[in-house]
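Undergrad: All chains should be modelled from the sequences, with the hints used to inform the complete structure.
For what it's worth, this note's numbering labels the leading residue of the sequence shown as 453, then goes sequentially.
Treat each hint with caution, since some may be false.
Derived pair list, reagent style BS3-like, types lysine-lysine, alpha-carbon separation capped at 25 Å [stated by the list, open to error]:
{"hint": "1", "residue 1": "Lys668", "residue 2": "Lys542"}
{"hint": "2", "residue 1": "Lys668", "residue 2": "Lys751"}
{"hint": "3", "residue 1": "Lys476", "residue 2": "Lys569"}
If you anchor each label on the Cβ, the simulated ranges turn out as follows [as the list claims (entries may be wrong)]:
{"hint": "4", "residue 1": "Asp608", "residue 2": "His702", "range": "23 to 29 Å"}
{"hint": "5", "residue 1": "Pro747", "residue 2": "Arg488", "range": "52 to 58 Å"}
{"hint": "6", "residue 1": "Gln580", "residue 2": "Lys490", "range": "56 to 62 Å"}
{"hint": "7", "residue 1": "Gln580", "residue 2": "Ala773", "range": "33 to 39 Å"}
{"hint": "8", "residue 1": "Arg623", "residue 2": "Lys569", "range": "39 to 45 Å"}
{"hint": "9", "residue 1": "Gly723", "residue 2": "Gln658", "range": "25 to 31 Å"}
{"hint": "10", "residue 1": "Pro531", "residue 2": "Pro769", "range": "33 to 39 Å"}
{"hint": "11", "residue 1": "Asp698", "residue 2": "Leu472", "range": "29 to 35 Å"}
{"hint": "12", "residue 1": "His493", "residue 2": "Arg623", "range": "24 to 30 Å"}
Calculated from the structure, these hints are not laboratory results. Note that the coordinates shown come from a computational prediction; the quantities given were computed from them, not determined experimentally. Just so it is clear, CB atoms sit at the ideal spot from N, CA and C, and this is done for glycine as well.
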Amino acid sequence: MKLGTFAPPGKPGWRAAAFLPGDKILDLAAAAETMRAKGRHLDAASIESLTRGAAGGTWLDRSGIALARAIVAAERDWPESALVEQSTIKIGPPVPAPRTFIAAGRNYMDHLREGQKIWAARGKTVEQASFPTAFIKLGSSITAQGDPILLPVGVDNVDYEIELCVVIGHRAHRVSEAEALNYVAGYTVCNDVGARRIQRAEMEHQIGIVMAKNFKSFAPLGPWMVTADEIPDPQTLDVRLTVNGDERQHANTSDMIFSVAKLVSYWSALGLEPGDMITTGTPAGVALARPDPAPFYLKDGDLVEATIERIGTLANPVRQARE
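TA: Structure (structure tokens):
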């Protein structure tokens with residue numbers, strides 16, 4: 453099942469949606485309200501969560517996904533007004549405003565090695581960590597399918613990174629690796645965009661990556677979340693990123709150093725809630741690691757397409773910001 457959000461024309465806020473075959477979206481709250489009016493036994497609080505919890509992804513817990521599944525299965529009860537053409541509305545990120553957004557780093561061996569070569573040329577050594585490493589992405593950096601990646605004024609060397617993104621679906625605290633996937637609601641595609649010149653300065657001063665990865669639009673997500681039952685093994689997925697049709701990255705999630713289960717288990721020490729997200733690192737092929745990076749950095753007019761097997765393609769044009 454493909455779940456996400458959309459913004460109805462002329463109405464504030466995000467609404468929970470199921471993406472149907474073809475170009476249709478089902479407004480889950482509208483369908484649920486009609487079904488309840490017809491006598492279907494649907495919990496009022498659960499229906500409210502489809503609107504109130506859409507932005508933060510809190511509706512993507514076990515009960516919310518079960519409700520969405522029941523609504524999708526009851527096609528004969530859908531009101532016509534609950535079916536929307538994708539082309540007529542604004543598709544939102546699967547989770548527009550997560551409480552927590554953790555971005556794993558150096559989690560593919562080939563990407564680690566290309567990074568080691570870069571740092572070696574600067575006289576520095578980077579070793580593989582014995583534990584997952586990450587930085588924080590801000591909710592303000594999130595953008596959606598079709599929205600532009602904005603090149604900030606005065607910022608150059610903007611790079612792409614395709615990543616499998618995990619959406620948490622159940623409160624998790626100190627869960628074991630063996631149990632970790634039971635706490636996952638589903639998976640989406642993330643393009644972890646970064647400004648490399650700023651990133652280098654932040655890393656050289658050992659203060660962590662903050663500004664480089666968090667400009668507005670530097671976290672495209674989407675086009676939807678595929679529920680975990682449709683991806684029982686997240687370590688078997690083909691990942692591919694192109695810029696203007698030119699393949700830049702191509703790998704498989706089996707190449708991760710730390711598995712999805714390991715990442716969820718490790719970061720659950722912080723306490724994870726429904727709607728929290730964890731990206732899982734990027735493979736080799738980033739612009740920064742090219743012998744001549746300049747032609748590969750993102751430019752105004754580019755089209756970036758990030759595809760993950762069994763999820764879909766996240767497509768975003770690149771535009772120069774005006775201010």
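Undergrad: Now look at each hint and say whether the structure bears it out.
TA: Consistency of the hints with the structure:
Between lysine 668 and lysine 542 the CA atoms are separated by roughly 18 Å; this keeps the pair inside 25 Å, and the hint holds. Simply put, lysine 668 and lysine 751 have alpha-carbon atoms about 16 Å apart, close enough for the 25 Å limit, and the pair holds. In summary, the hint linking lysine 476 to lysine 569 is not supported, as the alpha carbons are separated by about 47 Å, beyond the 25 Å threshold. In this structure, aspartate 608 and histidine 702 meet the distance hint of 23 to 29 Å, their C-beta atoms being roughly 26 Å apart.
Between proline 747 and arginine 488 the Cβ separation comes to about 56 Å, which falls inside the hinted range of 52 to 58 Å. In this structure the hint that glutamine 580 and lysine 490 lie 56 to 62 Å apart at CB holds, the actual value being about 58 Å. Distance hint for glutamine 580 and alanine 773: a CB-CB separation of about 36 Å, consistent with the stated range 33 to 39 Å. The supplied range of 39 to 45 Å is met by arginine 623 and lysine 569, whose beta-carbon atoms lie about 41 Å from each other.
Between glycine 723 and glutamine 658 the beta carbon distance is about 27 Å. The supplied range of 25 to 31 Å therefore holds. Range check, proline 531 to proline 769: about 35 Å between beta-carbon atoms, so the 33 to 39 Å window is met. Judged by the Cβ atoms, the range 29 to 35 Å given for aspartate 698 and leucine 472 holds: they are separated by roughly 32 Å. For the pair histidine 493 and arginine 623, the supplied restraint of 24 to 30 Å holds, since their beta-carbon distance comes to about 26 Å.
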